[in-house]
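Participant: Given the structure of chain H, go ahead and fit chain Z onto it with the hints provided.
If you want the building blocks of each chain, they are given just below.
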Amino acid sequence: MEREDKKNMMPEEEYLKQMNSLPKVKAPEDFLKKVHERIERRSAFEKIMRTLFVPVKIKVPLEVAAMAAAVILIVSTIGIKKPAEQLAYAPKPDHAPKSEMAFNGFANQPVADKKLAEAEGGRGDAENVYANKERISASLEFSDKIAAQAPAAESKPVELALLVGAVKGNVFTERGREEKASEERVYEERALEKGKSVPQAEMAQARRPYLTEALSKVKNQVELAQGKVTNVEMNKDTGMPQYIDAEIPAAGYPAFIGKLAGIGVLQEPILKEAPQGLETVRVRIKLAVK
Amino acid sequence: MDEESVNFDELVLKHKDKVFNLCYRFMGDHGEADDCAQETFVKVYRSLKDFRAESSVSTWIYRIAVNTCKNRLKSAQYRGSRNMVRLDEPKETEDGERAVEVAGRSLSPSGELDRKEKGELIQAAINSLPADQKSVVVLRDVEGLPYEEISEVTGYNLGTVKSKLARARQELREKLKGLV
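Quick mapping for you: the protein sequence lines, in order, are chains H and Z.
Note that the first sequence covers residues 1 to 290 in the working numbering.
Note that the second sequence covers residues 1001 to 1180 in the working numbering.
Bound conformation, chain H alone:
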């Protein structure tokens, strides 16, 4: 078999002869020049690459790299948190306006704090960092605007409590009114004797005339004192007047207090003189039936 194969093959001597007879191919004349061109071309490319990507020859352990990354992360996080904290601990303006919304129990917290709370709540997501920053700065701007709008001389209102329907006051000097009040008391006493509680709605209905009358009288006295009623707050449950907000000129304030004492019983302590340095005194009168 092998002999047959060998017969089909070129003899080894012939093969070697043929292989040795192969012509030697020579390099082109300008081979050296081409090699130099290629080296220069490669060098230029490497220079550009080296310029773009500066090789870092300092070997940094993985632990050190991780530590550095953690430090950068912490520092950047604190850097973001700082303005928010400064805002949170900033002194609140004592002249913060108490709008009607505030009186209705919507919010006693300054608006800036609310904005801050919203911003704080949104943190945690890395994508919201910039959004939080914007919100915090927006809240700062907002609080500044509010501070600019608030008048500097504005002070807290003088709080007064006026009890109407009382026997002592001049309110019920007229005979008919006295009888009405005594009738109400009798009604309550009878109800209690029967072991029945007086329904709230009925009580409210009985008190309504005194409160409405006191309201109109207070309004008249405010007008007499050259002041103005700024707000009347109704009781949500009974629908009757509960608070009267008014602004009274400081000069007429003592006389106004005297007139209020004529409408009902003013509960102690009573500020009888207007606070110094104020042209207008803001008062908040709470109405109640004795």
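Misleading hints may appear alongside valid ones.
Computed Cβ-Cβ distance ranges for the label pairs, DEER-style [stated by the list, open to error]:
1) Z:Ser1058 to H:Leu62: 30 to 38 Å
2) H:Leu62 to Z:Gln1170: 50 to 58 Å
3) H:Ser21 to Z:Gln1170: 32 to 40 Å
4) H:Pro28 to Z:Asp1132: 22 to 30 Å
5) H:Ala65 to Z:Glu1010: 30 to 38 Å
PhoX-like, lysine-lysine: derived pairs with alpha carbons at most 20 Å apart [said to hold, decoys possible]:
6) Z:Lys1014 to H:Lys33
7) Z:Lys1043 to H:Lys47
8) H:Lys219 to H:Lys259
The set of hints was computed from the structure by calculation and includes no laboratory data.
The C-beta atom is built at its ideal place from N, Cα and C for all residues, glycine as well.
Facilitator: Then chain Z, alone, in the frame of chain H:
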């Protein structure tokens, strides 16, 4: 021109023909051989400082040349550009399938073939060999290197060189039988 550059130029001028011939026999194409030979000397230039003289310079340059040629043959770019015809596999023609054999050419009588044609046929046979056999046969039978140097150049041990050479020669002799 500095001393290093002068030394490199001398190195190129001394070895360029041998390297070029090796590349030509390996690649079977003049343009490819030129490109591979240039690339070989660029690599030599870049790693000249790192040359540790553990082998002769010529052996080192040959090793770079063989590796460059092998890498080029492996590269997709080269494979895509070449439409290689295997001599030992059938080829579809208008007349139907038939095996393409070096010995089966119409100008088969060896006496009528001139030297150039013979050379082309031998080169075609070498091209059909696998890269490892090709490198051994070119280094031994064309360049005339001793087995030990071939072992250094290719990285194969001596026994592997001899066995690969024997297998390559057998294949070539089979394919070139028509030349006799």
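Participant: Per the hint of 30 to 38 Å, is the separation of the Cβ atoms of Z:Ser1058 and H:Leu62 within bounds?
Facilitator: violated (45 Å)
Participant: Within a Cα-Cα threshold of 20 Å, do Z:Lys1043 and H:Lys47 meet the stated pairing?
Facilitator: Cα-Cα ~17 Å, so holds.
Participant: Range hint 32 to 40 Å: satisfied by the CB atoms of H:Ser21 and Z:Gln1170?
Facilitator: Taking Cβ atoms as reference, H:Ser21 and Z:Gln1170 lie about 20 Å apart, which means the hint is violated.
Participant: Quickly compare the C-alpha distance for Z:Lys1014 and H:Lys33 to 20 Å and report which way the hint goes.
Facilitator: Given pair Z:Lys1014, H:Lys33 holds - Cα atoms ~15 Å apart, limit 20 Å.
Participant: Could one say that the CB atoms of H:Leu62 and Z:Gln1170 fall in the range 50 to 58 Å?
Facilitator: holds (55 Å)
Participant: Please work out if H:Lys219 and H:Lys259 have their alpha carbons no farther apart than 20 Å.
Facilitator: holds (11 Å)
Participant: Note whether the CB distance of H:Pro28 and Z:Asp1132 lies within 22 to 30 Å or breaks it.
Facilitator: holds (29 Å)
Participant: Holds or violated: 30 to 38 Å for the Cβ distance of H:Ala65 and Z:Glu1010?
Facilitator: 47 Å Cβ-Cβ, so the 30 to 38 Å window is violated.
Violated hints for the displayed structure, listed by number in ascending order: 1, 3 and 5.
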